[in-house]
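FYI, in UniProt numbering the residues of the sequence shown are 1 to 334.
Quick caveat, the hints were computed from the structure, so don't treat them as lab data. You may find that some hints are simply not true.
Quick list of simulated restraints, FRET-style, between CB atoms [to be verified]: (1) 20 x 281: 42 to 50 Å; (2) 304 x 138: 24 to 32 Å; (3) 19 x 268: 41 to 49 Å; (4) 330 x 25: 22 to 30 Å; (5) 17 x 304: 17 to 25 Å; (6) 287 x 69: 45 to 53 Å; (7) 288 x 190: 12 to 20 Å.
All C-beta atoms in this analysis are idealised placements derived from N, C-alpha and C, irrespective of residue type, glycine included.
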Amino acid sequence: MKAILMREPGAAGCLAYDEVSLPTIDAPSEILVRLRAAGVNPIDTKLRARGVLVPDGLPAILGCDGAGVVEAVGRDVTRFKPGDEVWFCHGGLGGLTGNYAEYIVVDATIAQPKPRSIGFVESAAAPLVLITAWEALYDRARLGEGQTVLIHAGAGGVGHVAIQLARLAGARVCATVSSPEKAAFVHDLGAECAINYRDEDVTEMIMSWTEGRGVDVALDTVGPAVFRRTIPAMAHYGDLISILDPGPDLDLHEARQRNLRISLELMLTPMLQPLPQARAHQCEILRRCGELIDRNQLRIHVSETFPLSEAAAAHRAIEAGHTQGKLVLTMDHE
């Protein structure tokens, strides 16, 4: 089969379109999936540049998100049969187990039936960002009806689904953006307020929007500087969640004065540690999000697709910054 191989860390050009062996079902609970699309996430570009997370994990096939058609099943599998359409978040952290390929083997408990109302491209774009946003807002922050929420980079992959999940919880949403076009996009997703951080003071705008109170919940999807600047925009006893490392030089004096609850969200943890209950919870999140998608209550925005062979171009696009929604690789199985 064709796959994108990473033999050593480096720039996007280190990704090679190559021939590798077809994966085989080795356990009775596994399924072989013919991939139709694979999501491209910032974590992929970081692993490519810095190295994979699995010891002795090179060469590697990257890509955590996949969607495709079941080709074969292990003898104990009853949930799926050949021809079933599935989506999942699995692999891509090291070794030949990622989704930048034409086929992958996953445990049947990891996969979920693909949403009926969307195609493989949108399905492959969704799992990692949906699980991240759900865990951050619902599990970490315990978001409730009537609360105010700030979503940084609201037009991005995690941000655009976080806005929708927050609105589904009955929260009022404000999002930061970098252009008028992205402001229109987040408004269309349900954001009440859009702040162009290039032209406007985020804290001042938040305080104006909340009548001086600050936001109950804030989700940082950008990094240390944004995390620090968000603290003064928080309401007392609020929840500040980051999906990134806030950095070593973090002054939490103001956060302590505000009695903030600070949470860190890394949805990859159950893939790196033996945490079956956490992994099962993530699969349930995916199932519930699939139901929301099929009820037209949640949508996935894909701004651009690339053939599998052009994975390097997709990485360059992400690293250039300011991608709206998600990027996806597609497989034509010639």
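Here is what the structure says about each hint:
1. 20 x 281: 42 to 50 Å: Hint violated: Cβ distance 32 Å, outside 42 to 50 Å.
2. 304 x 138: 24 to 32 Å: holds, 29 Å
3. 19 x 268: 41 to 49 Å: Given about 28 Å between the Cβ atoms, the range is violated.
4. 330 x 25: 22 to 30 Å: Once the Cβ atoms are compared, 24 Å apart, the range 22 to 30 Å for residue 25 and residue 330 holds.
5. 17 x 304: 17 to 25 Å: holds, 18 Å
6. 287 x 69: 45 to 53 Å: Since residue 287 and residue 69 have Cβ atoms about 19 Å apart, the given range 45 to 53 Å is violated.
7. 288 x 190: 12 to 20 Å: For residue 288 and residue 190 the Cβ distance comes to about 18 Å; the hint holds.
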